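Enquirer: Taken in sequence, the protein lines are chains A, B, C, D, E and F.
Numbering-wise (the working numbering), the first sequence opens with residue 1 and increments by one.
Numbering-wise (the working numbering), the second sequence opens with residue 1 and increments by one.
Numbering-wise (the working numbering), the third sequence opens with residue 1 and increments by one.
Numbering-wise (the working numbering), the fourth sequence opens with residue 1 and increments by one.
Numbering-wise (the working numbering), the fifth sequence opens with residue 1 and increments by one.
Numbering-wise (the working numbering), the sixth sequence opens with residue 1 and increments by one.
Note that these hints are calculated values from the structure, not bench results.
Owing to the predicted nature of the structure, the values given are computational and were not obtained by experimental measurement.
Just to be clear, a hint being listed does not mean it is correct.
The list makes no distinction among identical chains, and a pair is therefore deemed to hold if it is satisfied within one copy or across any two copies.
The calculated lysine to any residue pairs, modelled on SDA-like cross-linking and capped at a C-alpha distance of 20 Å, are [as the list claims (entries may be wrong)]:
hint, residue 1, residue 2
1, K41, H122
2, K41, L132
3, K41, A113
4, K41, R115
5, K60, H9
6, K78, D44
7, K41, W133
8, K78, L27
There are 6 protein chains.
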Amino acid sequence: MFTLEVRDHIMIAHSFRGAVFGPAQALHGATFVVDAAIMAKDIDANGIVADIGRAHDVLKALLATLNYKNLDDVPEFKGINTTTEFLARHICDRLADAARAGQFGREPRELSAIRVMLSESHVARASYETALW
Amino acid sequence: MFTLEVRDHIMIAHSFRGAVFGPAQALHGATFVVDAAIMAKDIDANGIVADIGRAHDVLKALLATLNYKNLDDVPEFKGINTTTEFLARHICDRLADAARAGQFGREPRELSAIRVMLSESHVARASYETALW
Amino acid sequence: MFTLEVRDHIMIAHSFRGAVFGPAQALHGATFVVDAAIMAKDIDANGIVADIGRAHDVLKALLATLNYKNLDDVPEFKGINTTTEFLARHICDRLADAARAGQFGREPRELSAIRVMLSESHVARASYETALW
Amino acid sequence: MFTLEVRDHIMIAHSFRGAVFGPAQALHGATFVVDAAIMAKDIDANGIVADIGRAHDVLKALLATLNYKNLDDVPEFKGINTTTEFLARHICDRLADAARAGQFGREPRELSAIRVMLSESHVARASYETALW
Amino acid sequence: MFTLEVRDHIMIAHSFRGAVFGPAQALHGATFVVDAAIMAKDIDANGIVADIGRAHDVLKALLATLNYKNLDDVPEFKGINTTTEFLARHICDRLADAARAGQFGREPRELSAIRVMLSESHVARASYETALW
Amino acid sequence: MFTLEVRDHIMIAHSFRGAVFGPAQALHGATFVVDAAIMAKDIDANGIVADIGRAHDVLKALLATLNYKNLDDVPEFKGINTTTEFLARHICDRLADAARAGQFGREPRELSAIRVMLSESHVARASYETALW
Numbered sequence: 001m002f003t004l005e006v007r008d009h010i011m012i013a014h015s016f017r018g019a020v021f022g023p024a025q026a027l028h029g030a031t032f033v034v035d036a037a038i039m040a041k042d043i044d045a046n047g048i049v050a051d052i053g054r055a056h057d058v059l060k061a062l063l064a065t066l067n068y069k070n071l072d073d074v075p076e077f078k079g080i081n082t083t084t085e086f087l088a089r090h091i092c093d094r095l096a097d098a099a100r101a102g103q104f105g106r107e108p109r110e111l112s113a114i115r116v117m118l119s120e121s122h123v124a125r126a127s128y129e130t131a132l133w
Numbered sequence: 001m002f003t004l005e006v007r008d009h010i011m012i013a014h015s016f017r018g019a020v021f022g023p024a025q026a027l028h029g030a031t032f033v034v035d036a037a038i039m040a041k042d043i044d045a046n047g048i049v050a051d052i053g054r055a056h057d058v059l060k061a062l063l064a065t066l067n068y069k070n071l072d073d074v075p076e077f078k079g080i081n082t083t084t085e086f087l088a089r090h091i092c093d094r095l096a097d098a099a100r101a102g103q104f105g106r107e108p109r110e111l112s113a114i115r116v117m118l119s120e121s122h123v124a125r126a127s128y129e130t131a132l133w
Numbered sequence: 001m002f003t004l005e006v007r008d009h010i011m012i013a014h015s016f017r018g019a020v021f022g023p024a025q026a027l028h029g030a031t032f033v034v035d036a037a038i039m040a041k042d043i044d045a046n047g048i049v050a051d052i053g054r055a056h057d058v059l060k061a062l063l064a065t066l067n068y069k070n071l072d073d074v075p076e077f078k079g080i081n082t083t084t085e086f087l088a089r090h091i092c093d094r095l096a097d098a099a100r101a102g103q104f105g106r107e108p109r110e111l112s113a114i115r116v117m118l119s120e121s122h123v124a125r126a127s128y129e130t131a132l133w
Numbered sequence: 001m002f003t004l005e006v007r008d009h010i011m012i013a014h015s016f017r018g019a020v021f022g023p024a025q026a027l028h029g030a031t032f033v034v035d036a037a038i039m040a041k042d043i044d045a046n047g048i049v050a051d052i053g054r055a056h057d058v059l060k061a062l063l064a065t066l067n068y069k070n071l072d073d074v075p076e077f078k079g080i081n082t083t084t085e086f087l088a089r090h091i092c093d094r095l096a097d098a099a100r101a102g103q104f105g106r107e108p109r110e111l112s113a114i115r116v117m118l119s120e121s122h123v124a125r126a127s128y129e130t131a132l133w
Numbered sequence: 001m002f003t004l005e006v007r008d009h010i011m012i013a014h015s016f017r018g019a020v021f022g023p024a025q026a027l028h029g030a031t032f033v034v035d036a037a038i039m040a041k042d043i044d045a046n047g048i049v050a051d052i053g054r055a056h057d058v059l060k061a062l063l064a065t066l067n068y069k070n071l072d073d074v075p076e077f078k079g080i081n082t083t084t085e086f087l088a089r090h091i092c093d094r095l096a097d098a099a100r101a102g103q104f105g106r107e108p109r110e111l112s113a114i115r116v117m118l119s120e121s122h123v124a125r126a127s128y129e130t131a132l133w
Numbered sequence: 001m002f003t004l005e006v007r008d009h010i011m012i013a014h015s016f017r018g019a020v021f022g023p024a025q026a027l028h029g030a031t032f033v034v035d036a037a038i039m040a041k042d043i044d045a046n047g048i049v050a051d052i053g054r055a056h057d058v059l060k061a062l063l064a065t066l067n068y069k070n071l072d073d074v075p076e077f078k079g080i081n082t083t084t085e086f087l088a089r090h091i092c093d094r095l096a097d098a099a100r101a102g103q104f105g106r107e108p109r110e111l112s113a114i115r116v117m118l119s120e121s122h123v124a125r126a127s128y129e130t131a132l133w
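Could you put the whole structure together from the sequences, leaning on the hints where they help?
Expert: This is the structure in structure tokens:
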């Protein structure tokens, strides 16, 4: 199994509801360093899992919908705790859609899975992985 | 699959028995940067794999039993090489116990696995992963 | 010259005023990984620049006044852009006060300078350094 | 499952053929930081996955066949795009051969898999993993 | 003193002349992760050392003149060993020109110095620093 | 000013005397990741601060006198707290001797200073810098 990973980041504000979050119930923020992984059983005739330039571009375009925002004000996230875990899945699911739509320059059925890891600090991170088919 | 990871560290002394260890047969030491991962098929109603505050606290309390010690003098490890691999499993097994005891603020049966990685330097690390059920 | 550095972090929300900030004029947030450096011409009789335990504690207590907050709502910062540079100086100046007040377990006049670096992502950081005397 | 990882690096020149590579079709180069992982279901009587000294040595010897070269001039790679993915598999397959030949100081059948990750920059990396049996 | 740093990278091929370089006399390559630092005695009315967006853009534009090239074929570098140290100064000098030309969105005379660090691997790096006036 | 840095590491045991050290008064250990910096006003005719191969070798040979040891048993350190700060100066002073003895492949008088940083964990490090002349 091959994995190709590209990195970018977002800087967002948000707050959480629920006693479990303690002081993070207040409006605060985070830099999420995002590692997006594309997996495939084999490389193609060019010797690649996917077009790394497109992978960077697709990730950047997707992150632009979140970057420099207060996620509490994003209608799509109304009533949702935009935790690191939730955002990892959110970004992963949209990258999976992009993979299935052929946006990574690779025949979709030749790609196997997507994994997204969000590092929120030097001591905490979360990831989500999903099979494409 | 979701993964939540928290990081802490220990600074210990130990020695190894066996020609395979070469100069590490002498009493020496290590800083182990410990990445503890908790895995779950889904996030809960709060949007989390586990209570990250508790994850940090449980890990810190567990590491306190090892930190600033000469592991050669710890009765539990008598006659054992406390290698990076061994310690990764030791810490992982205790975190798995904590997970099964509900100490991470999540219904134990909703957690799937624990993985612990110990980085001993910028060029070497070891990890151990175990299913919870 | 000796330097001792300890690391911690904060997760805050804020917004900036001024066209130069582009999309960062909107309410967003950041994780700042904070490296606080204490400098001294010489080490003391114990062989240290400062008590590293106290250095961690003083830094953590100081960061607690910022952590999990929307800095736009902090009275002290009213009308101020809480940029990475500004926060580096803010934290540095308060650590310098702590150094001069003897809170690092070292005779204040034996310490020379404080430097604080804030990493806001894997591609950007800012620092501020000040002499103590 | 246990994993032991060691790190080394190579500095090579190469070029790629295919429009998908854009400016990387020109002769350029890369530092690849190589993380080689050896996996085993259990540790041996010494408490280890493998002899970490041998793991470092085997990896270094293998990388010496690539280091400081223009890969376009290596007969073995004639007509091949030596992408990060390709090189990850190339190195992984040779480490797998070494594992099966008993070069890691561990009974070959007690080792399970090899994984190699090549980091080409702070924002991109690729890996390949193969079962040994 | 304030410092603002931004990071980018280049992937180049080159060779060196001189016995001191050993195997690096052959055509090989490197990824250089570039940390460009802009220094100023004070921040401006916006609270910044410089416009970080422009800093990223100026650095990227400058690196584009080197990226994906065989530096042995660049006329400007004819007969020169394009070592990590040389390239650090080369990039630093051009960023200094940009600073003096007002390209960082800050009054040039309010900026003090430029420093560029090139990391060529996880175990080696070089930097060059120059005063602006 | 140019700086060339190379990295290596040691794994040692030691204990400290003095209430300021708290639990670190017990025999424990550390991995120190060592960054050794050689500074020069200018590069030589080859385009380098020093011979990086020799820098790696000199550092490795020096660290071999400390690696895999209990520093409490090293006669040279009898009655001394081998703190991170102390070891940074110890290593720095010996590298300075090496520089003045011409071991880095550069005319000694053309080198300016040596700086050594020891990272003891992901949250703490210390450094020492000395002028050569």
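Enquirer: It remains to establish, for every hint, whether it holds in the given structure.
Expert: Here is what the structure says about each hint:
1. When the C-alpha separation of K41 and H122 is checked against a cutoff of 20 Å, the pair qualifies neither within a copy, at 32 Å, nor between copies, at 25 Å.
2. For the identical chains of this complex, K41 and L132 are neighbours both inside a copy (12 Å) and across copies (16 Å), given an alpha-carbon limit of 20 Å.
3. Both within a single protomer and between protomers do K41 and A113 lie at most 20 Å apart by alpha-carbon distance, with minima of 10 Å and 16 Å respectively.
4. Taking the shortest alpha-carbon separations for K41 and R115, both the intra-copy value of 15 Å and the inter-copy value of 14 Å come in at or below 20 Å.
5. In this homomeric assembly, K60 and H9 come within 20 Å of each other (Cα to Cα) both inside a single copy, at 8 Å, and across copies, at 17 Å.
6. Taking the shortest Cα distances, K78 and D44 sit within 20 Å of each other only across copies (17 Å), while inside one copy they are farther apart (41 Å).
7. Taking the shortest Cα distances, K41 and W133 sit within 20 Å of each other both inside one copy (13 Å) and across copies (17 Å).
8. When the C-alpha separation of K78 and L27 is checked against a cutoff of 20 Å, the pair qualifies both within a copy, at 15 Å, and between copies, at 17 Å.
Checked against the numbered hints listed earlier, the structure breaks hint 1 alone; every other hint is satisfied.
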